[in-house]
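K.L.:
Each chain, letter by letter, is given below.
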Amino acid sequence: MTHSLAIETQDLGRAYKIREAKKKEAKTLVALRDVSLQVPRGELFGLLGPNGAGKTTLIKILTTLLAPTAGWARVAGFDVARAPNQVRPRINMVSGGESSGYGLLTVRENLWMFAQFYGIPTKPANARIDELLATLKMSDRANTKSSDLSTGLRQKTNIARGFLTDPQVLFLDEPTLGLDVGASRDVRAFVRGWINADRARTLLLTTHYMVEADELCDHVAIINQGRVLACDAPANLKQRLQREAIFHLEVSPLKDSVLPMLQALPGVCQVTHHPADDRAALDFILADESVLGAVINTLTQADIRLLRLDKRAPTLEDVFVNLVGRSIEEVERADPSPA
Amino acid sequence: MFNLRAEIENREWVPWRSFRIATWLGWQIESNWTDPFLFAVYSIVKPLASALILVVMYGVITNGDFTSPLFPYIYLGNAFYMYVGAVMTGVSWSVIDDREHYKTLKYIYTAPVDYMAYLIGRGVARVLTGSFSVLITIGCGVAFLRVPIHVAAIDVPLFGVTLVIGILLLALLGVLLAGLTLVLAHHAGYLGESVAGALYLFSGAIFPLDILPAWLQPIGFLMPITYWLELLRRALIGSVAEAFPTLAGFSNAHLLLILLALTLVFGVVSVLVFRLCDQRARALGLIDQVTNH
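Protein chains in written order, with the numbering used here: chain G, 1 to 339; chain A, 340 to 632.
Worth double-checking, as some hints may not be accurate.
To be verified - Looking from chain A toward chain G, a few residues come up when the C-beta cut is under 10 Å (computed):
#1 353
#2 359
#3 534
#4 622
Said to hold, decoys possible - Chain G regions said to be covered by chain A (calculated; three or more residues, Cβ under 8 Å):
#5 65-75
#6 111-117
For the record, the hints were derived by calculation from the structure and aren't laboratory data. A quick note: this is a predicted structure, and the numbers were derived from the prediction, not measured. For glycine and all other residues, C-beta sits at the position ideal for the given N, C-alpha and C.
Generate coordinates for the entire structure from the input sequences, incorporating the hints supplied.
P.N.:
Shown next, in the form of structure tokens:
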């Protein structure tokens with residue numbers, strides 16, 4: 001059975017009732033609200049948002065781990081709540097930043113076992129394991145016990161497990177979390193190669209790395225506080241900011257009173273502040289370039305020295321700031337709890 | 340070219356496949372005896388030590404009357420009760436093991452796996468290691484404590500059938516506990532031990548049910564483990580086991596029928612409870628909740 005849409009959700013919602021100690025009434029925490037998405041087959045689709053935005057909750061629902069409390073979702077044409085047994089053979093998932101797996105089994109045994117769970121006979125399973133380990137540069141670790149692997153290699157084994165079954169729809173939840181730069185690059189190249197090799201494959205990737213989403217995804221949904229704020233191709237999302245002027249300034253450390261003054265200037269759409277020890281970085285989205293003069297005047301009058309000024313093309317980070325009003329870092333600092 | 344996707348989507352016999360692979364995994368975990376000393380402690384010394392405590396207590400209370408039929412009654416009841424902990428707790432513990440320790444539960448749960456068959460498969464290795472402990476304990480009882488088992492007098496068919504039904508029953512009770520474990524994110528680790536401990540009192544493992552207060556005895560009569568232990572004793576030591584009035588009025592066939600009927604009832608209840616708990620855990624988002632307890 002084939003479907004033009006690999007993933008489809010309509011008004012999908014998830015609320016948790018949380019009962020705090022010694023309090024009679026339960027509090028309702030809405031992790032996901034009114035999420036309507038359509039992901040065609042063959043697409044690498046990104047969910048971009050800070051920790052706690054609802055990305056993992058959405059993946060849990062789509063992979064049949066969690067029941068929605070509102071709306072519906074279909075994966076590979078099957079309702080995740082009503083027909084989980086139809087969904088499961090067609091999907092696989094990988095969560096980043098964790099050390100899962102049976103440490104007393106070797107890498108090959110772990111992967112073979114999961115291949116068996118999916119009904120793949122031993123011979124093709126072993127061939128697939130060899131292929132994946134070679135691609136992930138882990139062939140020499142096939143017979144190493146998982147407990148003897150570094151965190152990064154365990155994460156790579158987990159990634160191999162996800163790709164092992166060549167699923168119709170693969171869910172990658174922050175796959176490069178905790179990996180070093182080189183390993184992250186390898187994983188991104190592998191992911192892109194996998195999706196390009198067969199247009200029947202679909203991949204949903206969650207990330208809070210803007211560059212990763214920009215580099216990999218055909219379409220991106222920006223999600224914050226359980227809501228999808230925008231959904232489009234990365235280029236189209238950035239296109240929305242083409243009329244605005246985006247500047248990156250590095251200045252001497254800011255006094256507390258300066259930021260509100262900058263935010264209040266006419267024509268300043270957004271400003272985000274990244275403080276460092278001996279300097280501060282300011283990212284501006286301005287209505288047009290002429291506003292820059294007022295910005296620099298304000299800084300000069302406040303005895304702030306301008307160290308560097310760049311005009312740059314819009315990024316997904318700017319799109320996020322434009323939609324949410326704060327950068328991903330700022331949102332995570334304000335509410336560090338992951339969802 | 341071999342088509343992985345087609346193979347996965349069209350394969351049948353999911354319960355058997357899940358059971359088979361889980362059995363393999365369970366054995367890999369249980370047989371990971373990298374330290375022979377630890378293996379000896381867990382499989383030989385621990386069961387023998389617990390049996391010895393009981394023997395000493397019995398000796399003190401009865402002034403060393405090891406010829407009474409009560410002694411083999413207690414000794415065998417205690418020995419076979421090891422299966423209860425091993426199988427029932429073994430099945431339910433797999434949930435905690437996969438969820439908390441190996442962090443694989445979500446990957447197994449979202450695979451095309453029959454999770455109930457998987458859990459039962461994980462318990463098989465515990466049956467094998469449990470059998471080893473039971474065998475050692477009974478062997479020592481016969482060799483050193485004069486437990487009156489005579490190989491020629493053993494009712495082998497009755498013993499075999501009873502053992503198989505009992506292990507199946509314990510596996511199904513393990514499934515029930517596994518269901519409860521799925522919805523109990525906290526303190527689930529104590530569940531198996533608590534239930535096994537409670538059943539120890541009410542199943543005639545170490546004393547006949549007549550010793551219990553009259554109002555507690557019905558609990559014992561409702562427990563299939565009571566009839567299972569009685570049949571195992573009868574199969575091994577025949578008339579000695581029949582010396583106690585509690586179940587003396589029942590023939591072996593009667594007891595077997597009662598055991599079968601109760602196994603069926605408890606089995607159906609276990610499966611229903613497991614399914615309900617599974618749905619509840621999914622609704623509450625507890626399937627992959629790690630407490631790090």
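K.L.:
Under the constraints set out in the numbered hints, which ones does this structure not fulfil?
P.N.:
Violated hint: only 3; rest satisfied.
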